[in-house]
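Undergrad: Chains as they are written, first to last, in my numbering: chain A, 1 to 158; chain B, 1 to 158; chain C, 1 to 158; chain D, 1 to 158; chain E, 1 to 158; chain F, 1 to 158.
It is possible that part of the hints are untrue.
Identical chains share a label here; the pair holds if one copy fits it or two copies do between them.
In silico SDA-like links for lysine to any residue, alpha-carbon gap of 20 Å or less [what the hints assert, rightly or not]:
id, residue 1, residue 2
1, K36, L158
2, K22, L79
3, K148, P23
4, K148, S133
5, K36, Y152
6, K36, R153
7, K22, S145
8, K22, A99
9, K36, R132
10, K36, D157
11, K22, D9
12, K43, E135
13, K22, G146
14, K43, R132
15, K22, T151
16, K22, T103
17, K36, S156
18, K148, A129
19, K36, T137
20, K148, D18
21, K43, G12
22, K43, D9
23, K43, S6
24, K43, D92
25, K36, V89
Simulated from the structure, these hints should not be mistaken for lab results.
There are 6 protein chains.
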Amino acid sequence: MPQTLSHYDTAGRVRMVDVSAKPAMARHASAEAHVKMNARTLKALHRNPKGDPLEIARIAGIAAAKRTAELIPLCHPLLLTHADVEARVVRDGVCLTSAVRTTGPTGVEMEALAAVAVAALTIYDMCKALDRSIEITNLRLLEKSGGKSGTYRRRSDL
Amino acid sequence: MPQTLSHYDTAGRVRMVDVSAKPAMARHASAEAHVKMNARTLKALHRNPKGDPLEIARIAGIAAAKRTAELIPLCHPLLLTHADVEARVVRDGVCLTSAVRTTGPTGVEMEALAAVAVAALTIYDMCKALDRSIEITNLRLLEKSGGKSGTYRRRSDL
Amino acid sequence: MPQTLSHYDTAGRVRMVDVSAKPAMARHASAEAHVKMNARTLKALHRNPKGDPLEIARIAGIAAAKRTAELIPLCHPLLLTHADVEARVVRDGVCLTSAVRTTGPTGVEMEALAAVAVAALTIYDMCKALDRSIEITNLRLLEKSGGKSGTYRRRSDL
Amino acid sequence: MPQTLSHYDTAGRVRMVDVSAKPAMARHASAEAHVKMNARTLKALHRNPKGDPLEIARIAGIAAAKRTAELIPLCHPLLLTHADVEARVVRDGVCLTSAVRTTGPTGVEMEALAAVAVAALTIYDMCKALDRSIEITNLRLLEKSGGKSGTYRRRSDL
Amino acid sequence: MPQTLSHYDTAGRVRMVDVSAKPAMARHASAEAHVKMNARTLKALHRNPKGDPLEIARIAGIAAAKRTAELIPLCHPLLLTHADVEARVVRDGVCLTSAVRTTGPTGVEMEALAAVAVAALTIYDMCKALDRSIEITNLRLLEKSGGKSGTYRRRSDL
Amino acid sequence: MPQTLSHYDTAGRVRMVDVSAKPAMARHASAEAHVKMNARTLKALHRNPKGDPLEIARIAGIAAAKRTAELIPLCHPLLLTHADVEARVVRDGVCLTSAVRTTGPTGVEMEALAAVAVAALTIYDMCKALDRSIEITNLRLLEKSGGKSGTYRRRSDL
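Extracted from the complex, chain A is given alone in its bound form:
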């Protein structure tokens, strides 16, 4: 395991990691987030007669995954071959899980995290008139595979 931040050179200056020599490989990552809200707001989310608010959040998350390299300064641009966000209502809010794939020289962890982060913010936006105390927690990587550093996997407690 490295002991220093990969985005800093030996003089301590910020840098983008050079992935020019890394081979293009199939890569996958998944992340999750939990949007905690009170019972009244969660109920309103369900009462919507026609459109499904969670579908809007999913769309926003997918779109954000595609734009991750614009948001995170030292992220490499990547061509995503797949991006998805799943949203499911739980007892105290909404759980979001993303899945992102590419074939490229570096991984898609940041894309997976950006997808759930923006999906969660979109749920906040739609519910904020009812409840400003909504909280986003457990925003974290669930899994990544592909690439030299191998597979990482954590268990979701959500």
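Given the coordinates of chain A, assemble chains B, C, D, E and F onto it according to the supplied hints.
TA: Frame of chain A; chains B, C, D, E and F shown alone:
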């Protein structure tokens, strides 16, 4: 307090709230997030000889605040007159607090939340080679003022 | 009525119209488009069990309205106070109608047109595996009001 | 031929098609659109002494092709190796034809359509002070080749 | 005159200047740049039979002015009411001059500079196959007016 | 060496070069720029107690390199595998040098130039309250390698 989601019309179709008739007012919002990491990673964040990784995260958060309306589908575009992100190292990670201002017909809660969310993701990006289990929690609104719905304030436990 | 293109100066060079001296006024515009598809595809659009494909198209149109000044080179940036796209299934396809509002020095015709254009393209994208011959027609301004040039209104035949 | 929308999973939730397993292949697509305007406006388009308004429309269309994945929510990002828009004046307006190429796992139909759509909107923008009744019609795919679904070709009537 | 950088707070942390309390005023800025190229390339720029390469550069500069706040991290977003770039062929290359206007709480110097910078890069792009030694010099502010700091004006030597 | 501009077809219409048939190769480019400022401003740049203003400029340059195809109308989108900007204080200002890499069908000269251009503008932005006469000069390509046209190299005089 409203009982239904403001972003849905009476037929249940998603909509952008019409703020055409709302007066331009000074508005402020503040949000926070907590980036939890292990002691070894936190130490590496400090060992950096010259540049300050937290400054990069702050910049990324400020830039994200300016682009919130591109990320959140039903957000109104606003001209921010100020956006800031403060980052401070705590016992078990980094605490981020944003402050955003505008003069306009609607508030800047989403901009404040987007700022800390993207700043937190940027810290994850810089530290991920050391620790993939970093977790973002307590992403939430601290305060908003201005506008018809008045002032909201919660106490930070961070 | 002017006899020359407003986006060209007297020497024939392209230019952005200078609206510095124009007062900020409430402005509104509405546009429509017709997405013509065969009966089989239209039926598939309805068979979708849960999400509503037309909601995705509406969201894409609203997002495009907000980014019109990035797409159309000589368009002025404007802060939209409202943007909406309505989609309704008709005998031979889908009719899209947009409504956009701002308070500013120039009108929102291009935003209204961009909204229905991108909503229509999004419907094409979702249906293209079933039918590549889908055609977008009648993409046109329905109404604009506000500003020195007054109100324009055409009757929709859709 | 598929019977269901490819952008929806079996539960009816919107999704981006997973193209991770599809090989990178040379792909081409072409689309067209017709901008119908009255004789007086068409004449003004010609009277411009120096710059050519149609060149601006062509540039806007090429730029839009490059940004298609930002506009259409479920479109995959692709690296275009070529994008062109041809504009020719006809009896009752302007005909636009695009040609787009890539080497990748999925096709460029949406890029070809986005290019002519935005080029057509740009012509509207430049002429709107003269004529607000300009109408965009026949926005449709002319041809696509490459990929598993083979070649599609329709005859242009423009 | 201030003695310290306005974009840093007293602790030395980067910041966006807070312009919330500044009144909206009419503001103008103008900048210039010189694209130096050899005689053979300059001649090719003229030999182009139909389109005018300098018009493309002008369009790119105008579009860049509108997106300045996305490029420069601490720049405030502003609604430009006018942006123009003039290009004229001189003995040893091309001179570019921009003019940008807004009504807002802060000035448009960066927008004026971004416009000529991107216009100059666009000329480089179009000519680079002929001459890679093209050089951009004298990229600088010519004039700014409006706002508390008053009017600045320098003489162009180009 | 070609005699005509590569971005124009034989009829003189602007075009994007078709690189569909060019093989993906490792490509590198480097560019430089000089930000000239007076002694007082240069001293203030150094006096900053904590953050390093030059790090912000470097970040802005790296981000701009990633977005070059959005800024320059006829540039091909490319997936950068590396982008860096080095900033060093010299006697009369700051020298910026970029290095950009990709594996693709066309080169990264424009990305290297865009990186130093935007980094230079960011320095201007941070110093402009102290000195509006700051000038950007010597913005030019230092080196490019890879691709059919081979290696180009110029000596820096900075």
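Undergrad: Each of the hints needs a verdict: does it hold here or not?
TA: Results of checking the hints against the structure:
no., hint, in the structure
1, K36 to L158, "both (11 Å within a copy, 17 Å between copies)"
2, K22 to L79, "both (16 Å within a copy, 13 Å between copies)"
3, K148 to P23, "within (10 Å within a copy, 23 Å between copies)"
4, K148 to S133, "between (41 Å within a copy, 18 Å between copies)"
5, K36 to Y152, "between (26 Å within a copy, 18 Å between copies)"
6, K36 to R153, "between (24 Å within a copy, 18 Å between copies)"
7, K22 to S145, "both (15 Å within a copy, 19 Å between copies)"
8, K22 to A99, "between (23 Å within a copy, 18 Å between copies)"
9, K36 to R132, "within (11 Å within a copy, 23 Å between copies)"
10, K36 to D157, "both (14 Å within a copy, 16 Å between copies)"
11, K22 to D9, "within (18 Å within a copy, 34 Å between copies)"
12, K43 to E135, "within (17 Å within a copy, 28 Å between copies)"
13, K22 to G146, "both (12 Å within a copy, 17 Å between copies)"
14, K43 to R132, "within (15 Å within a copy, 35 Å between copies)"
15, K22 to T151, "within (17 Å within a copy, 23 Å between copies)"
16, K22 to T103, "both (12 Å within a copy, 11 Å between copies)"
17, K36 to S156, "both (16 Å within a copy, 16 Å between copies)"
18, K148 to A129, "between (46 Å within a copy, 12 Å between copies)"
19, K36 to T137, "both (7 Å within a copy, 11 Å between copies)"
20, K148 to D18, "within (14 Å within a copy, 23 Å between copies)"
21, K43 to G12, "between (50 Å within a copy, 14 Å between copies)"
22, K43 to D9, "between (50 Å within a copy, 17 Å between copies)"
23, K43 to S6, "between (45 Å within a copy, 14 Å between copies)"
24, K43 to D92, "within (10 Å within a copy, 35 Å between copies)"
25, K36 to V89, "within (10 Å within a copy, 25 Å between copies)"
Going through the hint list in order, the structure satisfies each hint without exception.
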